[in-house]
Amino acid sequence: MSKVLPDLLYTKTHEWVKVEGDVATVGITDYAQHNLGSIVYLEATEAGESVKQFQQFGVVESVKAASDLMSPVSGVVLEVNQEAIDSPELINTDSYETWIIKVKLSDAKELANLLNPEAYQTECK
Amino acid sequence: MKKTVLYEEHLKLGAKMVEYAGYAMPVEYSGLANEHLAVRNTVGVFDVSHMGEILIEGKDATGFANYLITSSVPKQNKRMMYGMMLYESGTIVDDLMMYHYHPEKILLVVNASNLEKDYAWITKQAQSFDVRITNLSDETSQLALQGKEAWKILQEMTDYNLSKMKMFDFDEMNILNLPFLVSRSGYTGEDGFEIYGKGSSIITLFQTLIAKGVTPCGLGCRDTLRFEANLPLYGHEIDADIDPFEATLGFAVDMAKDFIGKKALEGKQLKRKVVAIELLERGIARNPYEVLNEQGEKIGYITTGYLLPGKTQAVALAMLEEGYWAIGTTVYVQIRKSTVKAVVRNKKFLNKTYIK
Chain A
1 MSKVLPDLLY TKTHEWVKVE GDVATVGITD YAQHNLGSIV YLEATEAGES VKQFQQFGVV
61 ESVKAASDLM SPVSGVVLEV NQEAIDSPEL INTDSYETWI IKVKLSDAKE LANLLNPEAY
121 QTECK
Chain B
1 MKKTVLYEEH LKLGAKMVEY AGYAMPVEYS GLANEHLAVR NTVGVFDVSH MGEILIEGKD
61 ATGFANYLIT SSVPKQNKRM MYGMMLYESG TIVDDLMMYH YHPEKILLVV NASNLEKDYA
121 WITKQAQSFD VRITNLSDET SQLALQGKEA WKILQEMTDY NLSKMKMFDF DEMNILNLPF
181 LVSRSGYTGE DGFEIYGKGS SIITLFQTLI AKGVTPCGLG CRDTLRFEAN LPLYGHEIDA
241 DIDPFEATLG FAVDMAKDFI GKKALEGKQL KRKVVAIELL ERGIARNPYE VLNEQGEKIG
301 YITTGYLLPG KTQAVALAML EEGYWAIGTT VYVQIRKSTV KAVVRNKKFL NKTYIK
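Residue numbers (the working numbering), protein chains in the order written: chain A, 1 to 125; chain B, 1 to 356.
Possibly wrong hints are sitting among the right ones.
Footprint (simulated), chain B over chain A, 3 or more residues, beta carbon under 8 Å [unchecked claim]:
1. 39–50
2. 57–70
With a Cα cut of at most 25 Å, we get these calculated DSS-like pairs of lysine-lysine [what the hints assert, rightly or not]:
3. B:12 <-> A:3
4. B:164 <-> B:212
5. B:16 <-> A:3
6. A:12 <-> B:16
7. B:337 <-> A:52
8. A:125 <-> B:3
9. B:347 <-> B:271
Derived by calculation from the structure, the hints in this document are not laboratory data.
Using N, Cα and C, we set each Cβ at its ideal position, and we do this for glycine too.
Turn these sequences into a full structure, and let the hints guide you.
What follows is the structure in structure tokens.
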């Protein structure tokens, strides 16, 4: 059973986002890391660049395959988690602790397009 | 979807299952990297019951196999040989292992994904030979026990003296008092055994191996292990439009005898071949990404590539045009929107330690 945290919002493509004020912290879900298997590579849009909701902001690769990362929100990237870039296997250890990017939200109304924990839980079945 | 006899065992072990060659197969259990390293460091067991087994029997068995396959049937009984079947065009129908029981009985073990095509090809070619061709695939299950501790584990379960078995020897023997065909061989670059038997026997053996602490290994690490050992996979390094020399498998082609596809090979100049590359920048080169030269022109493609478990630099096998084969040559891999610098290197991703 994959872990779904109560205080986060989710995408159908298995990213999570934690919103604090106008800063959104983004990562991939436990379900995603489990399905990917051993994660060995991570690439994300650099700080200062913009991302758009449901558009690609990076790539995560397991030993087997590459998968696109889709941004849950629009805005400007404030920070990339260098620790996750350097040691992407941390995502397998704890995908909610190991965030990938922080984004300054450009449109808080977009959050209504995301899944709440219950809806995401259903999505994972 | 077909199931191997071990399907229920895989589920009990919590395997992630995928479809491969029409079978539900385990891709990983405890994790690909963990399984890969278990085979490299100790021992792992794979369910490879999906593989195809085709038996050639009869007066002309040796003559037919020598005509059908690029390499020569071993002179000694109970010896194996790696080889390929070619189309008249010289490109590859499939690669296989032949098991030479005796001159009138030869077992071919072929890729699961090619079984139907192979069986049709073999029966078609056999028409003017005095042979019987039997597809034993559905009644044959197979385990691969791989790693430096494989012999020790297996020896605990049999009276047969395994120390007299050299690489590519095979024999029939009892394990746990059940009959099996066992060869000292594998697809991982490690010492190990491939074990064929009836479904019920294979289930008992698999359960016993797991109880003894052998790591169950899925198709995921089967591919990383074979790649690291520079062993080809059909659909990647070899294919219906690739010839053995392009795949650098000339060692398995006996040009001194007659075989299907030989004529085409004789007249052909080598214009591309599989080489190894190492990425000098971040990224993972995967099949079928394009490979470019300094000018940005396409010079080939990646056949297989990985960032291997326990390694920090991604490596790949690539089919490259002439002129880019020398070790040290700079090439570029198109990975999504970026071109990533790489260098042609030797193919020894792994230092094989087993004794031949």
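Evaluated hints:
no.: 1; hint: 39–50; in the structure: holds (count 3)
no.: 2; hint: 57–70; in the structure: holds (count 7)
no.: 3; hint: B:12 <-> A:3; in the structure: 21 Å, holds
no.: 4; hint: B:164 <-> B:212; in the structure: 24 Å, holds
no.: 5; hint: B:16 <-> A:3; in the structure: 18 Å, holds
no.: 6; hint: A:12 <-> B:16; in the structure: 21 Å, holds
no.: 7; hint: B:337 <-> A:52; in the structure: 18 Å, holds
no.: 8; hint: A:125 <-> B:3; in the structure: 24 Å, holds
no.: 9; hint: B:347 <-> B:271; in the structure: 19 Å, holds
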